[in-house]
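Protein chains: 2
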Amino acid sequence: LNESRDTEIITPRRLKGFRDALPDDALAREVLLRRIRATFESFGFRPITTPALEHAEILRGKGSDETDRLLFEFRDHGDRAVGMRFDLTVPLARFVAEHQGDLTFPLRVYQIGTVWRGERPQRGRYREFMQCDADIVGAPGPSADAEVISMMHAALADLAVGEFRIRINDRRILNGLLELAGAGGRATEVMRAIDKLEKIGEEGVRAELASLDVDADAISRVTKLFTASGSNDVATIDNLESEVGASDTARAGLESLRTVRALLGDAGVPDGRVQIDPSIARGLDYYTGTVFETTYLPAPDIGSVMSGGRYDHLARLFTKSEYPGVGGSIGIDRLLGAFEVEGRTVETDAQLVVVGSVSGAVTADVVRAAAELRAHGLAVESFVGDKPAKGQRRYAERRGARIVATIDPEQDSVEIIDLKRSQRERVALGELVEAVRRMVAESAS
Amino acid sequence: LNESRDTEIITPRRLKGFRDALPDDALAREVLLRRIRATFESFGFRPITTPALEHAEILRGKGSDETDRLLFEFRDHGDRAVGMRFDLTVPLARFVAEHQGDLTFPLRVYQIGTVWRGERPQRGRYREFMQCDADIVGAPGPSADAEVISMMHAALADLAVGEFRIRINDRRILNGLLELAGAGGRATEVMRAIDKLEKIGEEGVRAELASLDVDADAISRVTKLFTASGSNDVATIDNLESEVGASDTARAGLESLRTVRALLGDAGVPDGRVQIDPSIARGLDYYTGTVFETTYLPAPDIGSVMSGGRYDHLARLFTKSEYPGVGGSIGIDRLLGAFEVEGRTVETDAQLVVVGSVSGAVTADVVRAAAELRAHGLAVESFVGDKPAKGQRRYAERRGARIVATIDPEQDSVEIIDLKRSQRERVALGELVEAVRRMVAESAS
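Chains as they are written, first to last, in the working numbering: chain A, -14 to 430; chain B, -14 to 430.
Derived by calculation from the structure, the hints in this document are not laboratory data.
None of the values given here were measured: they were computed from a predicted structure.
Worth double-checking, as some hints may not be accurate.
Which copy is meant is left open, because identical chains are indistinguishable; a pair holds if it fits in one copy or across any two.
[To be verified] Taking lysine-lysine and the DSS-like style, the derived pairs with C-alpha atoms no more than 30 Å apart in a straight line are: (1) K209 with K372; (2) K372 with K305; (3) K305 with K1; (4) K305 with K375; (5) K372 with K181; (6) K305 with K405.
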């Protein structure tokens, strides 16, 4: 069967910008995702899934040149123009419009999935990555915004990450000020310029706005916002109060921001973890109200690790019904990247036990002992590597196992080595389970 | 910003053969996946992930016409020939060959991921589906086979599914008999024909083999195997003993099968859940020894819900080192399909509590109560739907919530409705948390 195969070797390699995750890294990521899902569900959010492939016209709907450039697009077997999703927001909009009759609103859903972008690969940028989105759709008020931010705070706090700060703003403040300056139609470009504030500084933003022919009055109103931050959020709101002037739009935004901020405090989000920051704009053009970004303090340069905002018209592309929504997204890959830089490890609380026999053979005693230990809640494997005790120990160490137990059927005994505490004990075979459980329990205390 | 958008609606629709999962279904699937991952990890298996896209030559490596036909293949931004993975086994082989120096063998890994096949969509067949694979790579002996089967048994048993039977065989028995009949070179076609036994019956298989010009002696030896099953596995092994005759290959296969079967018993797999079935062949040509399939007894027609086998040469396409492997895969979509037919629901043990206020506004009281209940381990949401008590109750019912609590700040009280038991209670606001916890605890007992 196999001999007939020609023996030319295909070099094993991945596509540029695509990654494998080896067991340690994949487990760390899986543990984080598990905790994120648990937090989302504790706030009454439930998962949905959408396909990796969509009709290209659905994905291109918003129609920016950048989207077109990034899209992995091709013709499928039926010669249809199809594309791989580049985010989870467009599929959510399509999902809500398509299934609106079968959903309960306000809809609370999360979506954890892979997305693809044909960007030029570079350090920390990949063509395939995961997004963890959660959204409330069908609720227009600030209480939904606060609920999402409060949940995202709980999720990040639960990951046992270093300190972080969620910076929130409301786009209507900026929009209102631009309207006052007669530059309301330039909002998208202005938001994009402001979004670069951390990269290019205030002077850079001014220069970019001037080069875009934005009116000097508008530039002055906008850049004033960068200095509106007070020593605390109450002071910042006071400062903004005096800026918003006659703009109803800006007033509405500020009022909403005030409510969101108050509800976050009521919900128990610590003061240091959230901050009103009038310079937060978010480049994406679908946001219409609240916007937020999160700085991870041990690695502020990696960019926002949790972002989102309110988008009141997203499903508009696909339906005439209005579905106001608000959502956030955790950047799990950025977070894991930061952990690596920090040297922070993810607690996986695996207490792995490897059971083998002195000869290396897997005997009835071995699988019975493994099954019994497993029934007591331990992670246990029978050693199938066909090596005697020394090889079993080396394997167990490389695996990061906690305990290796080698059964000697002739002596009816077992040698148990606690690899964490470098202790060794020989007990009768019948006492194996009890001895292992004692070891694990002892060092836990 | 949004008014400038042209208002043409794009019809929201999916590609043929692609599905969304709505919240209830997605949660059921997620709960099953969670349990499967937990079982895999309790056997010392750890996750890995590989990309959705690979170089087309990697995926086409095995080079059957069917693979080519099913592959979603296209040219990427760098004009490379790329394809979407159609299974998780080929990427595993590439992964092992590429990272061999960084892995600990025997390698115990699982991979839960989406695969894509451009098949003609039909009832129960989709172009995108999920696979749950677990493999041991680098262990040639039957103990690894037994470990994988024993774990897959534990995973299925833990899903609280109906009864099932894992049918196991060893391909070498068939291969050896074909060699004896001088038809060793026809093994692949013969396996594929036998694989259709349940569909086309014994006469059908005979006819197909004859049409393939398989020698009459070989046909007779092969079809004799279909009647080799005894009243129990000991009797079946005795029957096979007398068939394998002078073939060393078949003897080795039978000996291995005997060991696997014995270890499964030792590991506590109940006798009724596993059965030696000499007619199991598995069509895929990479299997070299043990093969297994699983019949789900409440819906035997849906096809195997857990299958796999030993493949001793898979990584051979990508490396000169030999990596003998054995793996199994749970058909989560088939299982969920069967549940639907059975009317079986997945226990999600969600005890959702919806908290709101009589006015419908989300007040400080509401978010505080929600946070406190959540801290006690309940899934809780603040009602952001801006409707008074009646609307809150209707929403909570549609969500399948357990309890809806509506706070009346003026009376400093709260009305709590247990939707499961249709009971209602009014308590002081300060007693909300205790009262809800009491309700939930009472009905749990």
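Structure-based check of all given hints:
1. K209 with K372: Neither: 72 Å inside a copy, 39 Å across copies.
2. K372 with K305: between (68 Å within a copy, 23 Å between copies)
3. K305 with K1: between (41 Å within a copy, 24 Å between copies)
4. K305 with K375: Result: close only across copies, 28 Å inter versus 70 Å intra.
5. K372 with K181: neither (59 Å within a copy, 40 Å between copies)
6. K305 with K405: neither (62 Å within a copy, 37 Å between copies)
In summary, the structure is inconsistent with hints 1, 5, 6 from the numbered list given earlier, while agreeing with the others.
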